[in-house]
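Colleague: Take a look at the letters that make up each chain.
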Amino acid sequence: MSEAGEPSAARSVLARTGISLERVTGVRIAVIVGLLAFALIALPALLSDYWIKVLTEAAIFSVVALGLNLLFGRVGLVSLGQIALLAIGGWFASRLFFLTNMPFPIVLLCAGVFTALVGVLLGLPALRLSGVHLALITLMFAGLIAIVVPTTNFPNGGGGFLGYTGSSSGGLTVRRPSIAEGDDAYFRYTVIVTAIMFLLALVHVASKPGRAWAAIRQSEPAALAAGVNITVYKLYAFALAAFMAGVAGGLYAGDVGQLSSFQFSSVKTIDSVTLLAVVLMGGIYSLWGAVVAGLLQQLLPALLNDWFAFFQKHPDFLLVLFGIGILQVLVTAPEGIVTQFPRDMRNLGRLIARTAARVGRRSPAA
Amino acid sequence: MIEVDGLTVRFGGVTPLDGMTVTFPGGACGLVGPNGAGKTTFFNVLSGFVRPRTGTVRAFDENLLSMADFKRARWGLRRTFQQEQAIARLSVFENVAMIQEHSGAGRASRRDDVMEALTFVGIEDLATHKVGTLGAGARRAVELARAVVGKPRVVLLDEPAAGLPTEQTERLGQLIKAIPDHYGALVILVDHDMSLVSACCETTAVLDFGKLIATGPTAEVLQNEHVIRAYLGTEETV
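Quick mapping for you: the protein sequence lines, in order, are chains A and B.
Once you know that position 345 of the first sequence is 1410 in the working numbering, the rest is easy, because the numbers rise by one and skip nothing.
Once you know that position 68 of the second sequence is 74 in the working numbering, the rest is easy, because the numbers rise by one and skip nothing.
By construction, these hints were calculated from the structure, which means they are not laboratory data.
Just to be clear, a hint being listed does not mean it is correct.
Each pair of labels, with its calculated beta carbon distance range [said to hold, decoys possible]:
1. A:R1411 with B:E176: 40 to 46 Å
2. A:T1238 with B:F55: 51 to 57 Å
3. B:T172 with A:L1384: 56 to 62 Å
4. B:A168 with A:T1296: 29 to 35 Å
5. A:E1400 with B:G32: 43 to 49 Å
6. B:S72 with A:V1213: 43 to 49 Å
7. B:V56 with A:T1296: 16 to 22 Å
8. A:S1195 with B:F17: 17 to 23 Å
9. B:A168 with A:S1195: 26 to 32 Å
10. B:T14 with A:T1296: 24 to 30 Å
Capping the alpha-carbon separation at 25 Å, the derived lysine-lysine pairs in DSS-like fashion look like this [stated by the list, open to error]:
11. B:K157 with B:K77
12. A:K1118 with A:K1378
13. B:K183 with A:K1273
14. A:K1333 with A:K1118
15. B:K183 with B:K157
16. B:K157 with A:K1273
All figures in this text were calculated on a predicted structure; none of them were measured in a lab.
No residue lacks a Cβ here, since even glycine has one placed at the ideal position from N, Cα and C.
Produce the entire structure from the sequences given, and follow the hints as far as they go.
Modeller: Set out below in structure tokens:
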């Protein structure tokens, strides 16, 4: 990323908008467009229904991971409650689907906004706490939701406030948007919503809130002296992360049709912790880290299950792998896999080139 | 003008500020004293990080201490810290814009305000560079630009020249001296480099053990025997 050679017209436009130049260079846009095209066109053509389902979930979890990536990487706040917020978003979206005839995107938006309000409440302790204390409080919140969800269940077209019916004839599934009823189409739909969420994150990071968060992360006294209203911006970060979890919850409801309370029950509370682990491994200083995190959380277990019979018997062994993964990342690349992988590939390329050159020099003499 | 009256700060058994009473008339004012004299604590009171036991601070006839801490930047209070606060992975422009946009200045004037501050400190060419890639002198200039961007009324500089080589310190001194005329702001400069304080400040106040021991024109104050003794530490060693 050379900064000296940027065209001055672009520089002045960006200086006016206050958006950092490095993030919007042509190369990056090309990479993003290429990856999106690959995901939208090539993947559904190449992969079986099962793997498309897995990747749909990976995209959904990358949106949840994105919220945590912003919270932890940009503001320095830990939350272990994001999966619980995913459940809340899923519940609210399901309820709206059965209660109203609102279009799918509107339901997603409402689920996001509602979950954002819950996120603000969850963020209140963050005004006084940080680090391990905040992590504990948010984990307790996750525990609370894990108890509540099996009692209330997810709406399935029943009556009353909860909208749940236990009868065998009940149990409707959430309707998908008319343009995305098949699994392939719903995968594309999910990828596009995911891309919009990443755009939303990028816009925030590169503008006033992003700079305020950076100031808070650096030093709260300095942020105060700079005029940053710390209360507002911390809660804003929690609201945005929760909004993303809520939208992801809506997508998840549409994906599985009927969310099951088991997916969010107390045995699954560990997912809240693994989410932090994969976000750390992916990389918290880059938004791409959230994509890697989503893949680690959903695609990696599916791959391991597919490849090794051992993992089908012992799915919790994944935690051990994540532990090793975190150790590896913290020791060798605190910026995460998203920085480490390209760097290692570059080094490997150089090594191969050097070796080839050496062999090339030697062989004529031999 | 800033009038400080009877300002006392106590943490447990320590009294970093002990009935400090002083007036900063305007222009660039020095605030000196040995380590632990209470200079940074005084800045922290002005910033709102520390609540004093007693005392008042009136700045341009407004009660500074009754303002919410984060609103003081909007009022026009700016400061630097002993540790650099610019964010390494953001550009110079973003780092200065951050202060401008949270201190109540309009979005429309953001680019002009930021570029004006960068031009004032002489780093307008580095606007798109990341702060982490800059040398020590340029990073200090960024800190100074953050302290003057927009419409500052009071600029607090906490050891802005610490660790800089002599020629860069002199250049920084010229900038600090120019702030009152250029921005119409009152500057309070804390530094251990007496030649910097003499070069920038018409008046200087001296703190020792949280108490004001001398104030007045800088040249006279630095000749004051109490001040010399406080700095040489003879009172402590006897």
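Colleague: Against each hint, give a clear statement of whether it holds in the structure.
Modeller: Here is how each hint holds up against the structure:
For the hinted restraint 40 to 46 Å between A:R1411 and B:E176, the CB-CB distance of approximately 43 Å keeps it satisfied. In this structure the supplied range 51 to 57 Å holds for A:T1238 paired with B:F55, their Cβ-Cβ distance being about 55 Å. Roughly 58 Å separates the CB atoms of B:T172 and A:L1384, a value that falls within the hinted 56 to 62 Å. B:A168 and A:T1296 have their C-beta atoms about 32 Å apart, which keeps the hinted 29 to 35 Å range intact.
Roughly 48 Å separates the CB atoms of A:E1400 and B:G32, a value that falls within the hinted 43 to 49 Å. Taking 43 to 49 Å as the suggested C-beta distance range, the pair B:S72 and A:V1213 conforms, at roughly 44 Å. Range check, B:V56 to A:T1296: about 19 Å between beta-carbon atoms, so the 16 to 22 Å window is met. Here the CB-CB span from A:S1195 to B:F17 is close to 22 Å, well matched to the stated 17 to 23 Å.
In this structure the supplied range 26 to 32 Å holds for B:A168 paired with A:S1195, their Cβ-Cβ distance being about 29 Å. Taking 24 to 30 Å as the suggested C-beta distance range, the pair B:T14 and A:T1296 conforms, at roughly 29 Å. Distance hint between B:K157 and B:K77 is fulfilled; the C-alpha atoms sit about 14 Å from each other, no more than 25 Å. Annotation: proposed proximity of A:K1118 to A:K1378 holds, straight-line Cα distance about 22 Å (limit 25 Å).
Distance restraint check for B:K183 and A:K1273: the Cα-Cα separation of roughly 31 Å exceeds the 25 Å cut-off, and the hinted pair is therefore not satisfied. Between A:K1333 and A:K1118, the direct Cα distance comes to roughly 20 Å. Compliance with the 25 Å bound is thereby established for this hinted pair. About 17 Å separates the Cα atoms of B:K183 and B:K157, which keeps this hinted pair within 25 Å; it holds. The straight-line distance between the Cα atoms of B:K157 and A:K1273 is roughly 19 Å, inside the 25 Å bound, and the hint therefore holds.
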